[in-house]
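Undergrad: Given next are the chains, with one letter for each unit.
Number of protein chains: 2
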Amino acid sequence: MDTLDQRIISQLVTDARASYAEIGHAVGLSAPAVKRRVDKLLDMGILRGFTAVVDPEALGWGTEAFVEVHCHGNVPTQRIREGVEPLPEVVGAYTVSGPADAIVHLRAADIHHLETALERLRGVEFINRTVSTVVLSRLLDRPPQA
Amino acid sequence: MDTLDQRIISQLVTDARASYAEIGHAVGLSAPAVKRRVDKLLDMGILRGFTAVVDPEALGWGTEAFVEVHCHGNVPTQRIREGVEPLPEVVGAYTVSGPADAIVHLRAADIHHLETALERLRGVEFINRTVSTVVLSRLLDRPPQA
DNA sequence: TGTGAAACAACTAATCA
DNA sequence: TGATTAGTTGTTTCACA
Numbered sequence: 001m002d003t004l005d006q007r008i009i010s011q012l013v014t015d016a017r018a019s020y021a022e023i024g025h026a027v028g029l030s031a032p033a034v035k036r037r038v039d040k041l042l043d044m045g046i047l048r049g050f051t052a053v054v055d056p057e058a059l060g061w062g063t064e065a066f067v068e069v070h071c072h073g074n075v076p077t078q079r080i081r082e083g084v085e086p087l088p089e090v091v092g093a094y095t096v097s098g099p100a101d102a103i104v105h106l107r108a109a110d111i112h113h114l115e116t117a118l119e120r121l122r123g124v125e126f127i128n129r130t131v132s133t134v135v136l137s138r139l140l141d142r143p144p145q146a
Numbered sequence: 001m002d003t004l005d006q007r008i009i010s011q012l013v014t015d016a017r018a019s020y021a022e023i024g025h026a027v028g029l030s031a032p033a034v035k036r037r038v039d040k041l042l043d044m045g046i047l048r049g050f051t052a053v054v055d056p057e058a059l060g061w062g063t064e065a066f067v068e069v070h071c072h073g074n075v076p077t078q079r080i081r082e083g084v085e086p087l088p089e090v091v092g093a094y095t096v097s098g099p100a101d102a103i104v105h106l107r108a109a110d111i112h113h114l115e116t117a118l119e120r121l122r123g124v125e126f127i128n129r130t131v132s133t134v135v136l137s138r139l140l141d142r143p144p145q146a
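The listed protein sequences correspond, in order, to chains H and L.
The first sequence lines up with residues 1 to 146 when you count with full-length UniProt numbering.
The second sequence lines up with residues 1 to 146 when you count with full-length UniProt numbering.
If you are wondering where the hints come from, they were derived from the structure by calculation, not from laboratory data.
Beta carbons are placed, not taken as given, at the ideal position from N, Cα and C, and that holds for glycine.
It is possible that part of the hints are untrue.
What the hints assert, rightly or not - Ranges of calculated distance between the beta carbons of each label pair, as one might list FRET restraints:
hint : chain 1 : residue 1 : chain 2 : residue 2 : range
1    : H       : 21        : L       : 26        : 31 to 39 Å
2    : H       : 116       : L       : 131       : 27 to 35 Å
3    : H       : 78        : L       : 44        : 38 to 46 Å
4    : H       : 134       : L       : 2         : 27 to 35 Å
5    : H       : 4         : L       : 126       : 39 to 47 Å
6    : H       : 74        : L       : 119       : 29 to 37 Å
7    : L       : 26        : H       : 7         : 49 to 57 Å
Unchecked claim - Derived coverage of chain H by chain L (criterion: at least 3 residues anywhere in the stretch with Cβ under 8 Å from a Cβ of chain L; other residues may be distant):
hint : stretch
8    : 21–32
9    : 58–72
10   : 110–124
What the hints assert, rightly or not - Within a straight-line C-alpha distance of at most 30 Å, the following computed DSS-like cross-link-like pairs (lysine-lysine) qualify:
hint : chain 1 : residue 1 : chain 2 : residue 2
11   : H       : 40        : L       : 35
12   : L       : 35        : H       : 35
13   : L       : 40        : H       : 35
Produce the entire structure from the sequences given, and follow the hints as far as they go.
TA: The following block contains the structure:
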């Protein structure tokens, strides 16, 4: 994991479909050398994979919310994960400092769908109380700069 | 934008480096037909691009926080965007319902870096007050299922 | 680890159904 | 809009430095 790897990652974050030759040209390496490094980064788990960035509105996932989750008593991190993972509307989940136990990021088709997802979230056995904050507009949504 | 397009998008979200031939095989189309549709989806802005999914820890971006932002008086959405966009630590920003005006998602190398980023965020002229919630662990972080 | 060469596979434009 | 064909480009394995 050196500077070259970081530059390769940076290229792939910018365009995951760039050819190895293109990346190699940008970082000063031959295509096979780039492939070898990318394979290793994937193997080590530093690169988790490649994905398409989709306009959520276009797919009909225009409504999102951040939900503070408060649990009954002490619930292990792993159980929270297992509880929220089955809901397809959950795009992110984090345990946090402060009064809440976790923050769950929901994405749904519309307000009605969001409500349904919230109801299912509240149905998770160890969840006591939720505080929702509905997103009015997405100002920014970008990968961290490598 | 039909079922075929959605299945193509779904394939690309799963693996953005899949070949057109592979995608075509999965959805029952020839490679050129897939390319034609992908090009059109990119052109329409439904597909915004392709990116690598990186383990933030590995890159040294292990600390994150959600920050409620409260503004002085009424600040237009666009100005909030312009205010937070220059901070590289900002990976997401949303205007929201409820008492806060916006939620900003920060990613930093460590607590110290996070503090610096917060200070710079608080330095944005129209920002009055911030309430930070530090992420203890990322339970889930995934693209929405297409 | 890097490179270059070579076999193989994929991309992409043009054409036709 | 999809398939097919054919020329070009990219991938990937290998031997070698």
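Undergrad: All hints, please: hold or fail.
TA: Results for each hint:
1. 21(H) <-> 26(L): 31 to 39 Å: For residue 26(L) against residue 21(H), whose Cβ atoms are near 26 Å apart, the range 31 to 39 Å is violated.
2. 116(H) <-> 131(L): 27 to 35 Å: 29 Å, holds
3. 78(H) <-> 44(L): 38 to 46 Å: 41 Å, holds
4. 134(H) <-> 2(L): 27 to 35 Å: 30 Å, holds
5. 4(H) <-> 126(L): 39 to 47 Å: Holds, since residue 4(H) and residue 126(L) (Cβ atoms, about 41 Å apart) stay within the stated range.
6. 74(H) <-> 119(L): 29 to 37 Å: 33 Å, holds
7. 26(L) <-> 7(H): 49 to 57 Å: With a Cβ separation near 32 Å, residue 26(L) and residue 7(H) fall outside 49 to 57 Å, so the hint is violated.
8. 21–32: violated (count 0)
9. 58–72: holds (count 5)
10. 110–124: violated (count 0)
11. 40(H) <-> 35(L): 29 Å, holds
12. 35(L) <-> 35(H): 23 Å, holds
13. 40(L) <-> 35(H): At roughly 29 Å apart (the allowed maximum being 30 Å), residue 35(H) and residue 40(L) satisfy the hint.
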